[in-house]
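Enquirer: Single-letter residue listing:
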Amino acid sequence: MPAILEVDNLIKKYGDFEAVKGISFSVEEGEVFGLLGPNGAGKTQTISMCTGVVPPTSGTARIGGHDILKESAQVKKINGLVPQDLALYPTLSARANLNFFGRIYGLRGRELKERVEDVLRVVSLTERADGVVDKFSGGMKRRVNIAAGLVHQPRLLFLDEPTVGVDPQSRNHIFESVQRLNRERGMSVVYTSHYMEEVEMLCNRAAIIDEGRIIALDTIKNLIALLGGGVVYVGVKQADDATLAELSALPAVKEAVLVPQPPPPPAPEGKESTTETKPVTATPVIKVVATNNQQAVVNVLGYLNQHDIVITSLEIMQPNLESVFLHLTGKKLRE
Amino acid sequence: MKTISIALKDLQILFKDRGALFQLFILPLLFIMVFSGALSAIGGGSEEQVTLPNLGVIDLDGGEAAMFLINKIQEDGSYSVQSLTVSDVQSQLDENKVVAVLTVPAGFTGGVQGSMPVTLVITTGTNADPQIVDAMRLVVESIAADMTLESQIIASLQQMGDMQATAPEQFQVFSTERVLAQARSQFETAQVRPLIKIVQSVPQQEEQEETPDLSLSAVPGFTILFVFLTGQTTARSIYDEKKVGSFRRLAAAPINKVQLLAGKILPNFIIALIQIAVIFAFGAFGLKAMGLTPLPIGRAPIGAILVAILLALCSTAFGILIAGLARTENQIGGISTLLLWGMGLLGGCLVPLFILERFIGPFAMIVPHYWANKALDDLLIRGLGLADNYLSLVMLGVFSLIFFAVGLWRFDFER
Chain A
1 MPAILEVDNL IKKYGDFEAV KGISFSVEEG EVFGLLGPNG AGKTQTISMC
51 TGVVPPTSGT ARIGGHDILK ESAQVKKING LVPQDLALYP TLSARANLNF
101 FGRIYGLRGR ELKERVEDVL RVVSLTERAD GVVDKFSGGM KRRVNIAAGL
151 VHQPRLLFLD EPTVGVDPQS RNHIFESVQR LNRERGMSVV YTSHYMEEVE
201 MLCNRAAIID EGRIIALDTI KNLIALLGGG VVYVGVKQAD DATLAELSAL
251 PAVKEAVLVP QPPPPPAPEG KESTTETKPV TATPVIKVVA TNNQQAVVNV
301 LGYLNQHDIV ITSLEIMQPN LESVFLHLTG KKLRE
Chain B
1001 MKTISIALKD LQILFKDRGA LFQLFILPLL FIMVFSGALS AIGGGSEEQV
1051 TLPNLGVIDL DGGEAAMFLI NKIQEDGSYS VQSLTVSDVQ SQLDENKVVA
1101 VLTVPAGFTG GVQGSMPVTL VITTGTNADP QIVDAMRLVV ESIAADMTLE
1151 SQIIASLQQM GDMQATAPEQ FQVFSTERVL AQARSQFETA QVRPLIKIVQ
1201 SVPQQEEQEE TPDLSLSAVP GFTILFVFLT GQTTARSIYD EKKVGSFRRL
1251 AAAPINKVQL LAGKILPNFI IALIQIAVIF AFGAFGLKAM GLTPLPIGRA
1301 PIGAILVAIL LALCSTAFGI LIAGLARTEN QIGGISTLLL WGMGLLGGCL
1351 VPLFILERFI GPFAMIVPHY WANKALDDLL IRGLGLADNY LSLVMLGVFS
1401 LIFFAVGLWR FDFER
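Protein chains in written order, with this note's numbering: chain A, 1 to 335; chain B, 1001 to 1415.
Just chain B, same shape as in the assembly (with noise of 0.2 Å):
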């Protein structure tokens, strides 16, 4: 109870501080503004361009299954689908008359009836946006993975109704549960081997290089910036506190240095994940208002809120390490000032981190600013999932442990 009521004392000074609050949320949206509108006019990222892509399709089957396929993805409505011919291929792509080509090649309804493997192709311009490829690609993804479902089921119960069919009446061996089991073993086939394969490839070009839209880097980055200043904010309220005398004061009651600590580092936490949530929230609605790109949260939710809880949890052991390093109101300036905007800088918070690791290459990584960019940039903007990231989260929380390590070392209670 004592640390909350710490802990409330400190968030009941911080919302009569104007100054704070407006550096600790307006802040982090105006630069989030400025820059997503000034990068989306170079990286894309006005909401028209999302608007019903063209996708160009290539019959070369004719049969049941391609016409089925092909209406499927015409009844999602999120593409105009138009027909094309092998030779208008390139000069449409070129012209970016269409962001992609689906080729449904010669064969395919045979093979999907037959329960053999088949490939479609999406070929796509050098150009094309890579969200809207992906998007593209998920939703043909989607019901390829369907048709596979059906047409390996359909021939197992076929294969299974038929040796029925054959065998006397004491060999009718395949009850209702094995029936089922089977459909589930099949299920779990066409999950893992999916009948018909899809590859992506680009004209002209080797290997594809995804270009995130330039502006909705803005957001993670200037999340990440600014719920690190929560960090010198904390360290700067344990400064004051020493200052005026009132940490003596909290010595002398009947409260140990743990609870005190904790009272001290748990309103940093909490200001920390409103903020994210602040900034999230202006990244998904106010830049949907605003006619750009929103920044798509609904594709990781909870990975997101994982990043989050790692992020504040980073930021607060950042801030004990100021406290711990810092001996003056100056130091505690000078020190952070330099730790946040380098590190801010490091990893990728002011300039996208593609771009970035060009010129730094690996460097980039002994920021803990790097790695939740990456984790939050693969989550939220690439689509990658919780698994390819593993290495992000685990790098945030070992950069806590040693932020909180160092900074309890040199924490000087006595003074």
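Extracted from the complex, chain A is given alone in its bound form (with noise of 0.2 Å):
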């Protein structure tokens, strides 16, 4: 399958701060690809660059073939942009919004009138297509949303961050459009997401992306593969490289290493540390990345009771995007 979609190296700096550190990825033709990170890491400045709303600091991309900084005209063409906000006119009716974007796509008359009739069959709004915006459920809006970035047919839809503040079953109808798109149409998408879920069940790849870089990126099931067959988290009382050692030699488990504890809050401004404040000292938590998470606790856990340390907390994470991002990050995706 050729690429149509070529990241090269993109970096976009606001002044001293770096957005978007050297990002590099590539999604072929007829492709459902997925960026995943949490909010702020670089996502939509990545999505921006690439569907020309900003220029990059440096770096390139090539969409279809065409560079996306000299031949930008042919390539907001193929683009199709789904911002994360609701990019409408609240006071205008749905159908009109759509058309008012499919002009701006040079579309007109009888075309004009198609293709939104098609959006709108395609996001199952068109009973309500006279009804105005403003009035909308919040997933219908995203439907309207959505509509609006596919009314001049794009070849590459970019869709960021498409299901914030949806409710279950609007999510649901997201879904289904876009795999429908996909399937029928042959569109490829670029998905951003901090919902692991999505990414999981609409994504053939996924980069992963935090603070501005790739982190990790191929096929989401070698991408939980890497965890193997989970991770446990166990809070102890104590724990010395020997303790690591021997679990990690234990069955079922790959490897058992210390969490790194964050540092102790700074005092407060203006007053100084003293004797009488005691500082925060967290318990160790050690981290098991399991062949195999059921016999992994069992056994953890028998040699933690053999040895006589005492167990603070346990977690439990089965293998899948977010254990994998903790695993590469030590953060959470919604932190």
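Bear in mind the hints are in silico, worked out from the structure with no lab data behind them. Take the hints with a grain of salt, since some may be wrong.
[What the hints assert, rightly or not] With a cut-off of at most 20 Å between alpha-carbon atoms, the simulated PhoX-like pairs for lysine-lysine come out as follows:
id	chain 1	residue 1	chain 2	residue 2
1	A	Lys-113	B	Lys-1016
2	B	Lys-1242	B	Lys-1257
3	B	Lys-1002	B	Lys-1257
4	A	Lys-21	A	Lys-77
5	B	Lys-1243	B	Lys-1257
6	A	Lys-237	A	Lys-287
7	A	Lys-287	A	Lys-331
8	A	Lys-77	A	Lys-113
9	A	Lys-254	A	Lys-287
10	B	Lys-1002	A	Lys-77
11	A	Lys-141	B	Lys-1243
12	B	Lys-1288	B	Lys-1002
13	A	Lys-135	B	Lys-1288
14	B	Lys-1257	A	Lys-77
15	B	Lys-1242	A	Lys-141
16	A	Lys-70	B	Lys-1257
17	B	Lys-1002	A	Lys-135
18	A	Lys-113	A	Lys-70
Two chains, each in its own frame: build the complex with the hints.
Expert: Here you go:
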């Protein structure tokens, strides 16, 4: 499959702040590609550069074989953008909004009318087409938002967090629409989200982004396989290197390491730390990467019990993108 | 076409916004009604004062041309002509029985018939309404110009006839073409050097100070104030697009920045022109219906249109300036309110310009409102020509350019 999108070392800086720190990936024609990362990771900035909304500080990308900087007019005809915000005119009807965005893409007359009817069908809003957007539910607004990005029939659709603030029913509807567009029309999709379930469900491949960098990129299956059988987090009163080595040697355990503890919070401004202030001492947490989660839990708890090591907490994480992200960054996706 | 699509969409949104429509179209009319009504009580302006003013005439000549002039003024029907003697003048003016006195000097008829320069004098009272006096002067000037032309052409043709009559046949040189050329030349001379000169004097006052009708000054003032308010609407519309993300969506579409911005500012320009048309129509017909002095649009329609276009352009540029400077909704409100009302106050939109200038002098000139106000005041109220107002028009253009330049320089397309 030829690549519809090739991103080559994109960097975006705002003064001293580097929002995107050299991102590269490619998306094949007909693929649904996920960009997974927490808020502020650089997903939207990456999309903004690919769609020509903001120029990159350096690096470039090619869409459908056209350079985003040198051939932006051709690129913009191939792209469709569904922004994270409800980028609609609330006092106009859904149809008026879609007609407007269609005209911006050069559609006129009968062709415009047919395309608008088509996208209204795709998002199941034909019967509410003449309703004022402001009066719609959050989910319906999201669907009109998606329709506005589809009206010119793009080959590559960028969906930026399309399910934020949406009820479960509308969310399912959006998933179905994306899957149908990809399956029936061969539309390529770049789907950004911080909901790992969505990326797992919709995407063939995904890149995990954190702090402006891609930290993992593979098929969903391979990304999850990074964790083997899952991860177990065990809080204990004390743990030393010998304990960790013995835990790592247990059956069904791939690796046991101490989770780095965050530094204690600084003293309040204007107050020096005194001897009366007790430092915050968190108990150690051992991260156990398992080849088989259930077996690993039994073995680890048995070992700790046998060695009189007091357990303060226990968290078992099944292998998924959330636990992969946590494994790779030490942070949760929705922190 | 994409620019037009954006502009039509913005107009569609605006016309659904009742609050904005009230602010742009109804509020200025309410302000004008209140201010015109209030100011008419101070500075004149009710229509009764304009009807059939008395014009005193002192005929020191008693000749044919003097009679002709006086009859023509009577036939004009705008004034009630009353014969006076020199000794009556002061008392008649002081008691406001006549608004002005026209003195026809002795030797007027001889001068006109002999193509010699003569001078008519219009004497006004200190409280005379400058509008009425101006109009009266125009009537007298028009009749005098006709008399000058007639006299000069007749004299010229008479001279040519005399020369022809005494010359032998082979020297009959004055063909029809030559006679017509001579008539045209005389006509032009009469326009440039009128035979009858008219001077205006005010007893016991060195220099006549024109006091325009205060009630009329409210119309240009509030027109300008509220037209600039449209600029705020444009800035808010751009901010709203950025806030909801549609600006980002448009930036991702195959439309360049010029088309995008042109689409955003075109509605401002159109709305500003509609605003001016509505307010001026109200000034012309609404004030008349209210028994107040109507805005004399017919005095300088071309000039008024030119000022309207430049004013709309300046307001549009002001919108871009605000959109470029403000980063938040509060800043749009704060900056535009400060500038709109500050510039409006300085530019004579709230206090009539001729009063304001006495207090702040040339300081008013730093705002476009002043130049727009001055241009409309001069053209429509004082009856001056476009040539007298070229500086005001140029300054409006200069302000538009400055606003556009600073606004575009500061405009952030990425947020």
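Enquirer: Hint check: Lys-70 (chain A) vs Lys-1257 (chain B), CA-CA at most 20 Å. Holds or violated?
Expert: Roughly 16 Å separates the two Cα atoms, so the pair holds.
Enquirer: Straight-line Cα separation of Lys-113 (chain A) and Lys-1016 (chain B) no greater than 20 Å?
Expert: violated (23 Å)
Enquirer: Would the pair Lys-135 (chain A) and Lys-1288 (chain B) pass a check requiring their Cα atoms to be no farther apart than 20 Å?
Expert: violated (45 Å)
Enquirer: Below or equal to 20 Å on CA atoms is what counts here, so check Lys-1002 (chain B) against Lys-135 (chain A).
Expert: violated (28 Å)
Enquirer: Are the Cα positions of Lys-1002 (chain B) and Lys-1257 (chain B) separated by 20 Å at most?
Expert: It holds: about 11 Å lies between the C-alpha atoms, which stays within 20 Å.
Enquirer: Sort out whether Lys-1257 (chain B) lies within 20 Å of Lys-1243 (chain B), counting only the CA atoms.
Expert: Roughly 18 Å between the alpha carbons, so the hint for Lys-1243 (chain B) and Lys-1257 (chain B) holds.
Enquirer: Take the C-alpha atoms of Lys-1288 (chain B) and Lys-1002 (chain B), compute the straight-line distance between them, and say whether it is at most 20 Å.
Expert: violated (43 Å)
Enquirer: Assess, step by step, whether the Cα of Lys-1242 (chain B) is no farther than 20 Å from the Cα of Lys-1257 (chain B), and give holds or violated.
Expert: holds (14 Å)
Enquirer: Are the Cα atoms of Lys-141 (chain A) and Lys-1243 (chain B) separated by 20 Å or less?
Expert: holds (16 Å)
Enquirer: Measure nothing beyond the straight line between the CA atoms of Lys-113 (chain A) and Lys-70 (chain A); if it is 20 Å or shorter, mark the hint as holding.
Expert: violated (32 Å)
Enquirer: Could you grab the alpha-carbon distance between Lys-254 (chain A) and Lys-287 (chain A) and see if it respects the 20 Å cut-off?
Expert: Measuring from Cα to Cα gives roughly 11 Å; hence the hint holds.
Enquirer: Is the Cα-Cα distance between Lys-77 (chain A) and Lys-113 (chain A) 20 Å or less?
Expert: holds (19 Å)
Consistency note: the structure conflicts with the earlier hints numbered 1, 4, 12, 13, 17 and 18.
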